[in-house]
Structure formats: structure tokens, C-alpha cells
Amino acid sequence: LGGAKLMGFVVIFVVAWIAVFIFYSMNKSLSILENGFVYLIILTIGINISWVVSEELKLVVLTKDGLLYAGFILYRSILIPMIYAIMFNAIYKAKSTSTTLVSMGVVLVIILALNGVLRFYDVWSYKNWNIFYDILQIVLMQAIGFATLKLYRRAIYSEVKVS
Amino acid sequence: MILWEHFDSNEWFVLVMLIVSYAAVIWLPKRVPTSLMILGLVWGFSSSTLFDFTIGGGLMDFYRVDLSGCGVSKDSRVDEDDTLPTWIQIRI
Numbered sequence: 009l010g011g012a013k014l015m016g017f018v019v020i021f022v023v024a025w026i027a028v029f030i031f032y033s034m035n036k037s038l039s040i041l042e043n044g045f046v047y048l049i050i051l052t053i054g055i056n057i058s059w060v061v062s063e064e065l066k067l068v069v070l071t072k073d074g075l076l077y078a079g080f081i082l083y084r085s086i087l088i089p090m091i092y093a094i095m096f097n098a099i100y101k102a103k104s105t106s107t108t109l110v111s112m113g114v115v116l117v118i119i120l121a122l123n124g125v126l127r128f129y130d131v132w133s134y135k136n137w138n139i140f141y142d143i144l145q146i147v148l149m150q151a152i153g154f155a156t157l158k159l160y161r162r163a164i165y166s167e168v169k170v171s
Numbered sequence: 008m009i010l011w012e013h014f015d016s017n018e019w020f021v022l023v024m025l026i027v028s029y030a031a032v033i034w035l036p037k038r039v040p041t042s043l044m045i046l047g048l049v050w051g052f053s054s055s056t057l058f059d060f061t062i063g064g065g066l067m068d069f070y071r072v073d074l075s076g077c078g079v080s081k082d083s084r085v086d087e088d089d090t091l092p093t094w095i096q097i098r099i
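Going down the list, the protein sequences come from chains A and B. Here my numbering = 1-based position in the first sequence + 8. Here my numbering = 1-based position in the second sequence + 7.
One or more hints might be untrue.
[To be verified] From the structure, some residues in chain A lie toward chain B, with a derived Cβ separation under 7 Å: (1) S37; (2) L41; (3) G44; (4) F45; (5) L48; (6) L51; (7) T52; (8) I55; (9) W59; (10) A163; (11) I164; (12) Y165.
Don't read these hints as lab results, they were simulated from the structure. Keep in mind the model is a prediction, meaning the values are calculated, not measured. All C-beta atoms in this analysis are idealised placements derived from N, C-alpha and C, irrespective of residue type, glycine included.
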């Protein structure tokens, strides 16, 4: 087992564990339904974007190593949705525009750094892809998550008013 | 990205089942709150997405989706990935 390959998986695993722990222990301002909704929406969008980018259009080349690929699966399906769920909890706790923008910016930087870490450990390599596209993708996912969560909350609250 | 080569009974079955299921969701009497119903629909979609894209594609390609529509015989599609270990190459 190569040391660098093991290291790549371990780094992703530890960061994913930390994200889960932060989410578990934080003071959540969204309900359990809203948290589940955000997680699942971001999971679906993230999986589809990463599939189209890496498998269909071949803009990003994924690793052929099993352990690093497991790290990628962990990153894609646990870490990314967790980060977004933490972000939306922070946003809906403060409910101010400045906190919203700062949270989105912090999440943008964190995910860009994590993408860099994955590139460093050869989990993927950017063939026809760059950091600008990364930023575009993250902002797009934040916007979609924000819009769908708003719609979902509106559906819940109109339901509460009626009954 | 080719979604289908022949628009045949396979695609019609999928479309009809899609319409029937959503019609059932919309027209049947509501027994659960709307918040849970929406979350249930999202859960169904995203759990199947996670399942398909994790073990049905990428490195762990355990099964082929929609063999009839791809216009390729079953045998020729089995051994296309030489990079996979043999225990992952499952014959259909």
C-alpha cells in the first residue's frame, strides 16, 4: 500500500469525520426535515455534476486506485453535502445578508482548498478544468440549494398556516 | 452524451411509469404532511441516484443500465475496462 495513496484517503476521511462531528454537535437552526432536504438536494446535484464533468465530458480525470476512489466517493457523497448543510444552518441562524455572504465565501474557500487537496493526492487531475469552473460550480450549487430550501420552507410554512 | 439510440418500448415504459407515479402522488388522498411528502420524493430520487452512480458507474461498475437501448451486444460490453480487477468484472 503506497503511503501517499493511504494519506489521501486518510485526509478525506478525517475531514469528512470532522464535518459530520461539527454538524452533529452544532446548534442547528434548521429542522430535521430541512436538514435532510438540503443534504439530499446537494447530494443529488453534486453527484450529477461530478458524473457529467468526469465520466461524460472527461474534463476531470479520476483516479483508478481503489482506495483513492473510495476517498472520492466519501468526498462527493458525505463531505460536500455536510459542508452545505452546516453552511445553511449558519446562514439561517444569523439571518443577515452579511453573514450569508461571509458563510458562502468561507464555504467557497473551504471547498476550493479541499479540491486542491484532492488534486495534490492525485484523487483527480484537471484536464480541461480549472479553478474558475470550480468557483462557478460551487456558487451554482449554493444558489440552487438556497432556492430549493426557500421553496421547501415556503411549502412547509404555508402548510402550517392552513392547518 | 447519448441518452438513447432507439426510442422504443423501453423509453415509453419509463415515461409512462414516471407519469403514472407522479399522478398517483398528486391525485391520491394526502395522508402525510406536504413537508414529509416532498422530502420523501427527494429521498427516493437521491437515494437511487447515490446507489446508481456509486456502484453502477465509475470505478465500481457492477452492472450496466439499459443494455437494450445502447445498441451494443451484451458480450462486447463486458470486458471493455481492462483496468478493473477481475473480481469487479461481473458478467451479465
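Any hints from earlier that this structure breaks? Give me their numbers in increasing order, please. 1, 12
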